[in-house]
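Participant: Sequence:
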Amino acid sequence: MPLLEPNPEALRPGTVREPSPDRVPDRNAQGTPEPLRSELTALLGAGKVLWKVSDLVRYASDASPYRFLPQVVLVPEDIDDISAILSYAHGKGRDVVFRAAGTSLNGQAQGEDILVDVRQHWTGIEVLDGGARARIRPGTTVMRANATLARHGRLLGPDPASAIACTVGGVVANNASGMTAGTTRNSYRTVASLTFVLPSGTVVDTADPDADGALARAEPQLCEDLLALKAEIEADTALIARIRAKYEIKNTNGYRLDAFLDGSTPVEILRGLMVGSEGTFGFISEVVFDTLPLDRRISTALFFFPSLTAAAAAVPRFNEAGAIAVELMDGNTLRASVSVQGVPTDWAALPKETAALLVEFRAPDEAGQEAYERAAGEVVADLDLVAPAASVTNEFTRDTRTISGYWKARKAFVTAVGGSRPSGTTLITEDFAVPPSQLAAACEALLGLQAEHGFDAAVAGHAAHGNLHFLLAFDAARPSDVERYAAFMEDFCTLVVDRFDGSLKAEHATGRNIAPFLELEWGPRATELMWRTKQVIDPSGILAPRIVLDRDPLAHLRGLKTIPKVEAVADPCIECGFCEPTCPSQDLTTTPRQRIVLRREMMRQPDGSPVETGLLDAYGYDAVDTCAGDSTCKLACPVGIDTGAMMKDFRHRRHSPREERIAALTAKNFKTVEASARLAVAAADKIGDRLLESVTGLARKAVRPDLVPEWLPEIPGAAARKLPATTRVGASAVYYPACVNRIFSGPDRQREPSLPEAVVAVSARAGKPVWIPEDVAGTCCSTIWHSKGYDAGNAVMANRIVEAAWGWTAGGKLPLVVDASSCTLGIAHEVVPYLTEDNLELHRELTVLDSLVWAADELLPELTVLRRTGSAVLHPTCSMEHLGDVAQLRTLAEACADEVVIPDDAGCCAFAGDRGMLHKELTASATAKEAAEVNSREYDAYLSANRMCEIGMDRATGRQYHSVLMELERATRPSA
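Each residue of the sequence shown is one higher than the one before, counting from 1 in the working numbering.
In short, the hints are calculated from the structure, not lab data.
Using 27 Å as the maximum straight-line C-alpha spacing, the simulated DSSO-like pairs for lysine-lysine come out as follows:
#1 Lys-634 / Lys-929
#2 Lys-634 / Lys-565
#3 Lys-92 / Lys-48
With beta-carbon atoms standing in for the labels, derived distance ranges:
#4 Pro-364 / Asp-498: 40 to 46 Å
#5 Asp-346 / Val-16: 38 to 44 Å
#6 Arg-653 / Ser-391: 37 to 43 Å
#7 Ala-568 / Glu-837: 20 to 26 Å
#8 Ala-928 / Pro-833: 32 to 38 Å
#9 Met-143 / Ile-240: 36 to 42 Å
#10 Glu-373 / His-121: 44 to 50 Å
#11 His-121 / Asn-669: 44 to 50 Å
#12 Pro-364 / Thr-836: 54 to 60 Å
#13 Glu-373 / Thr-836: 53 to 59 Å
Built from N, CA and C at the ideal position, the CB exists for glycine as well.
Generate the whole structure from the sequences, applying the supplied hints.
Facilitator: Rendered as structure tokens:
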């Protein structure tokens, strides 16, 4: 056993609590049962079968109010794996559910038997015809696809609010639309072709000229039955009229029966049916979209009205003026959105009755933009608007930052409002559509219904398309609350259908909570045709049972999840999954959402249960150790949940008093530690990588893998013992070389100036010299201790660096320039909770600048670029994202290179100080996609601005990254 093995018992909740009714039973404590586990392992290989109870629990939740525990989770890599899984399910009488992002709001991504993760190995986009079309794999997020298409002036039609996380496969399978898609830009209208695997295992590429011939040879009965259904529908004129009428407004409830009218062959019919089928007809392995123009001239306004009905009444006027988006937000939504960065704080005091319309026009050129603004101005002149807060302007803006803030508020509807719900309550998200002309009446009726059933709900929606969204919060552990929800749903569905002839699901797809009401909307004739269609395509019923079709009238009440209280930082989580694409460990162990989901299951369990013990056994590595602690999840989360901070706290809890004392001692004696580290790195140059890897490997086994770094061949040599000579007299700033740059050298220490030398030289060259204090040795930003949860050591160094910086800067009169972005973040923000009251005052007087900001804003305007490199690829670090200085990285690179590229797959490298040396598998996983993109071509320079991240990218790509400030120094250096 290692000398300092962490104690997993430290994370056991240990609280007095009643077991939850929906807790995972003890019988599941061993995970996937036999022979299911061994049979699937033999079929696919051990690496593609997730079987531990912790695996099953983390996949049991999605963004919906439901929770179903799968028997096993499979991670296929290709279509052969998919076909093998379907064949196994047929032979064993099992059912299969496909899951990608898990952002669906109605339980479509959950299964009770075999759950198949089709995100991890199913990403990628190929641009076709100059961007007019795009071939996209199903695990690719909408945001990632649009990032690539933007280079070609194009974008996808569907634009759901969850674009940061939802995947193309899920968007097509649910026919999700969003803010602007309506009924003309959604997947049904913009998908050019699909490749999919039918339940039988037959693969269909609808773009293949011989697709119908191949399908007829492989599935003759299927083709015959589909054409028979088509003939039956086309013989019923009343049914045709009903189908066409249902799709004049947004509708994703049930199957697309209009596919039988729009398609003339079995393959064409199947192409239409697959859209919105929610994984019940097959697996979509590839999508080719017809893309749309990306109009870049944008005018946006947020108009405030005295009531929801007043706002709704104005919607048709903006539609007539040509608005591409008209979004409705009620008072609850507006007030809750203040939790989102960039939203005016004075919205918190808005009257409850207030409502707003977010109106946007997009044009390809200035003339078009001006025409739209004139038309919109005429509409606004006739409106009775209100200004209930100082920040309210009721005017159009072209400012991108203001527009971004408006859209952040709108897109955070589910997560921000849901995050502010009462602790312990389950969140229900519903959406429906009515003819746009009846929007005002629908709003009024909905508000009345909510009040009648005791729900204080929030309402927002795509008003331009008559599509409203609302939220309901209740305690799923209380039968009376469930009964109240059930009564509301009965009345709500009756209202939408009988009064408005609307769609019970406009864009979120049927799912589990509307399946029982399908016949209410469509009637018995159309509903029975949907059942028959399912029988024709999936006669054994192996795919996604009970998700679209369910004859149980109470199916929507089955599997509702309780939300037990967890740590305060994570308690507001609604498990939306927006955090997952940013997480460095998403393809290795767990994501932020899954870390919280697992913690909640521990709280559902009675203390000491076998399931709780099994979860704890896995949680140490899967959740705590392999969290990079970069907190990019906080940036992606609309309510700012910092799961990284929670994992650091868990690391702290696992420390023994002895570990804390040792950590504090290293902080107190860091000058000696720093000098010893530099000497060790210098000695390593003479020892050789293989021996060092062996020695550190033995030390890791003896002490603890999470404490002793592993030697990596990419680790550079030692920095110079002395920093460049500078003088305080006449200095424009105090320059603080981070300890990592005082210990490690740059990539070319023999030929090029070191980073400290480059910063000193380029600052002087710009006429703004910097001063390096003589006593920087022994100081640090304290991130070393902060990242590992060593609170005592963190407090020692946090207070030391602030006291020193205050003295160096003459009480804050000079800025403190820091040459590593993570260290800038540490000194500027992360030290604050650990400071004494006196040092908090000192900290408030400091101006801490990242070297990127110093160079881009202060130096570059005064410099002359004398030479440029051809191309440069950038690695923006997670700290840059937190600090908001990625733009400065790009500005500096563009001054030094003719072509600058930020990879579409750029993300946190997870090196995280030394975590990449503690768990190199974490960095390997986190950087895999970015490295592949970087290595797809050659660049003349590989640039970043954080030494440890540069080392991580060196290891990932086999290239040599260096600071953009070193490149700036080279570009502006006078000729010898």
